[in-house]
Structure formats: C-alpha cells, structure tokens
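With the hints as extra help, turn the sequences into a complete structure.
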Amino acid sequence: MRRYFVCLLMLQAAYLTVSGQKKFRPYRIMFKPGVGYDLPLNTVSVNEITDQLTDMNGRGIAFQMFSIGIYPRERLGFELMFRGLSERSAGKRNDAYNRLMQERWGAAYFYDPVTPYEDYGAPFESNRFTVGLSVNYKFDRGRIIYIPKYFFGVVEIGQSRRFHTMKQRNSNNMLLVEYDTEKYYRDLFITGPAASVVYRLNQTFGVSLDASLFWHRARASFRERHTDLFTRQHVETPYNYSGTMFRGNIGLGLVVGMSKRRR
Amino acid sequence: MTKIKKILILLLVPLFADIFTSCCNCEDPELLLYTNTTLELQHLNNSGQSAIVAPENKVLKEAYGLRIRIGCETTACNRGRTSFFINPAYAFSCGCEAPIQYHPKDSVTGLKVITLNDFDALHPAGSDITARFKMFSGYVFTDLAGYLESKPPVFNAHGVKNIVLDALLMEPAAQTGNHRFRVEVDLSDGRVLETETSMVELL
Numbered sequence: 069m070r071r072y073f074v075c076l077l078m079l080q081a082a083y084l085t086v087s088g089q090k091k092f093r094p095y096r097i098m099f100k101p102g103v104g105y106d107l108p109l110n111t112v113s114v115n116e117i118t119d120q121l122t123d124m125n126g127r128g129i130a131f132q133m134f135s136i137g138i139y140p141r142e143r144l145g146f147e148l149m150f151r152g153l154s155e156r157s158a159g160k161r162n163d164a165y166n167r168l169m170q171e172r173w174g175a176a177y178f179y180d181p182v183t184p185y186e187d188y189g190a191p192f193e194s195n196r197f198t199v200g201l202s203v204n205y206k207f208d209r210g211r212i213i214y215i216p217k218y219f220f221g222v223v224e225i226g227q228s229r230r231f232h233t234m235k236q237r238n239s240n241n242m243l244l245v246e247y248d249t250e251k252y253y254r255d256l257f258i259t260g261p262a263a264s265v266v267y268r269l270n271q272t273f274g275v276s277l278d279a280s281l282f283w284h285r286a287r288a289s290f291r292e293r294h295t296d297l298f299t300r301q302h303v304e305t306p307y308n309y310s311g312t313m314f315r316g317n318i319g320l321g322l323v324v325g326m327s328k329r330r331r
Numbered sequence: 051m052t053k054i055k056k057i058l059i060l061l062l063v064p065l066f067a068d069i070f071t072s073c074c075n076c077e078d079p080e081l082l083l084y085t086n087t088t089l090e091l092q093h094l095n096n097s098g099q100s101a102i103v104a105p106e107n108k109v110l111k112e113a114y115g116l117r118i119r120i121g122c123e124t125t126a127c128n129r130g131r132t133s134f135f136i137n138p139a140y141a142f143s144c145g146c147e148a149p150i151q152y153h154p155k156d157s158v159t160g161l162k163v164i165t166l167n168d169f170d171a172l173h174p175a176g177s178d179i180t181a182r183f184k185m186f187s188g189y190v191f192t193d194l195a196g197y198l199e200s201k202p203p204v205f206n207a208h209g210v211k212n213i214v215l216d217a218l219l220m221e222p223a224a225q226t227g228n229h230r231f232r233v234e235v236d237l238s239d240g241r242v243l244e245t246e247t248s249m250v251e252l253l
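Here the protein sequences come in this chain order: A and B. For the first sequence, this note's numbering assigns the number 69 to the initial residue and increments by one for each residue that follows. For the second sequence, this note's numbering assigns the number 51 to the initial residue and increments by one for each residue that follows.
Fair warning: there could be bad hints in the mix.
Unchecked claim - If the Cβ cut is set under 7 Å, some of the chain B residues that face chain A in the computed set are:
| no. | residue |
| --- | --- |
| 1 | N96 |
| 2 | S97 |
| 3 | L110 |
| 4 | E112 |
| 5 | A113 |
| 6 | Y189 |
| 7 | F191 |
| 8 | L218 |
| 9 | M220 |
| 10 | T226 |
Bear in mind the hints are in silico, worked out from the structure with no lab data behind them. Cβ coordinates follow ideal geometry from the N, Cα and C atoms, glycine included.
Take a look at the structure:
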C-alpha cells in the first residue's frame, strides 16, 4: 500500500513538473519509434503444415523501427512508417512444424526435426515487414494531439521451403518430402485506418498510443511432393492461399517533434 | 620474324602457366601405391534409422543389406611422378599437396552378387542377383556397378583404409527363407576376390 502511494505521488510530481499553462507550438515534423503487438483478426488456413511455412497468420511483438510524420500544413500531413515483426514467431512456427511433421510421418518414417535456420532454401521467414505512407489529419488540443490516419503500403510476408529425406521404418526405402514455393517473399498491398493519440511531455518530447486495423489479400502457394527415391515415382499436391487477412496492431511510441519557431 | 615470335610465345604458354601456378615452398609429395587384397562380407540390418551389422542372422527381407569390405594394403613400390614441367601445386591458395599419398595399383572392374541357394522362382541357386541390390548415396539409389564408374580413392598420410560398400536389397524375394550369398570382385590386374556370407534368415 505504501509503495502504491509513493508511486502515485511521484507521478503527480512529474505531472506538475511538466504541466503548466504553456501553449505548445504544433509539430511540423514528428519522429516516432515504437513497439506494439501485431494480431491477426482472422486466420487463413489451407494445410496445417504449410500454414507454418508462411507468416500469414503470424502474431507477436512488432517494432516500429521508423516513422516520420511531416505536416506541411498545420493539420494535414503524411507519415512514412516502417514496421517489422520480431523473430520469435519463427521459433514457434518451427516447433509447430516439427510436431505436425512428426505426427504425420513419424509412425512409418524416421523424421529428423529441423531448426529454424536449417533448410535448403531460406530459413523460417519471420520478419514480416510493413512499409507505407499514411495521410494524417492532426487535431492539436494543448498537450493532447489526436491524429486519425489512412494508410497505404506494402507488407512483405516470408515463405519457406523445406525438404526432408526420410528413411522408412523396417525397410530400405527412402522417401523425399518437399514443400516448395516459387517465392521466398510475397509483397502484398495493405491498407486501412489508423490513429495515434500523442501526449506531449514538453515542447519536444511526447508519448503516443497507436492503433491500426489493416487488411491485405492472403496470397501464398506451396507444392507438396513425395518422391519414392527407389522407384522415383512422386505425388504432388498444390496448396493455394486466398482470401483477405485483417490485422490489428496496438502499440506505444516515443515522439520527438519539431515545431516551427515563432518569429 | 613476327611469326616466329608468335610461335615461340605460344610454345612457352604451358611452361609459364605451370610456373604461374607452382608453389615454390611446397615439398614434393611421396607417392606410394596400395593394392586391393581382401574381401569381407557382413549382413546388415537396416530396420532402424541407419544400417548396422546384424547382431543375429535374422533380418527383415525388406531391410536387409550386405556390407562389402575390400581390404587394401600398401605395396613396396612408389608411384612415378606425373608432373610435366614443375611440381603442380597451386601457388594462389598455397594449398600444397598431401606429403604422403597412396594411389591405387589396381582398381575394381566388376562386382557380382551370386545367390548360393534358390532366391525365388526366377533366380535359382547360382544366379546373379546383383541388380537386386543398390547403394544409397546423395539422395539417389545407384547400381553396384555405379561404384565402378567412380575413381578409386587416393589416401593420404592417415594411411590406407578399407573400401566399404553398403549394398541394400531393394527387390527382396516374395517368400521368406534362409539364404547365403557369394560376392565376386574383379580387379584390373586379372585377380578375382571372392568370399561367401554365413547363412541369414530373411523374414
């Protein structure tokens, strides 16, 4: 209880330090690195195993490595944003992939689990990048700035290839299982509304709460092929992803702003 | 005169190339010879993740294999130098040749697996069933004859090692039973190495 009151007092003191009747000059340029959580609002699934080879349904901590908003007019401006998903989602998909492969093949074949960076094409792609431009309209209300936006950009979603040579139990036979795709990355158009609320600590610095709701086409394709290495006979199955993905993101940012100096 | 100069330059190109790629600091390697002398056979059980020597003479016929071990020995002879101008070690990488090298005096020119009892209705005792066996390497099953197309190995200072081939029975007989096999290895100098396996029950 004592700690609670001490924290409250410290927050109050901080607020009094930074507050005041000062009038803030509107930002003309805003830099905003931040961190948030990226969450798909729906799932596009075609095959449990190939679902792990694409980051289409990935969720996790997203780093907004770069964001710069420029306001040529006091209210109207645009923002360039660059955001990436952390690599931890690759580890989770890799574990799920190994479990599903073991369940599917383990009874009849010896399956060796793979690590995220072990394959003949590319590692489990996890760094889903989103880059684009938004049109912003800024409402300055003293310390608080409300910025609704509309975003247009590109999201790059990784796709992995895998191949496994598996020995059949109680047999000399060997089976080659391949999951192949034409592209390591898919660049998809992404768009949607977003909003930021900035609390200005002083003339230059502030903190922001950001939220967005984007959508993009769910495009991916894989080919599964099983080849009996003795007879060389093979069976192929295509898996094509389609539909629309909806993604939400909520995060916090540190704002560094520059204002026009009064003459 | 110009023509003579061009001809002289062309004739000297191989010499210059050899000098260019020679490493002055490399010692001449000692070239020795080895010969193929013995043949040993073991039954393999490939039921598991990799083939092992069968602990008992009962193996699933779909998982049966034959380990063919060709023993090699060094000879008293040295191999003659083959470099035309200068020792052909490569200067740019300064990768000198191994100081001691064992080259083959003879090579394997033929390899057969003969069944000593009736294998199936089409292969009575004494039949050549080599084609029923394959080697697996580099994601591909190859005929035993495929080994013959590869160059015989050159060993270095670690010494001469045995040549080991794991021949897997890819087309077993339909019925189970007891079997024995004889392997015949033809060598380039006219010798034939041959030996027989013990009895194995293919389940």
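Check each numbered hint from earlier against the structure, then list the numbers of those it violates in ascending order. 10
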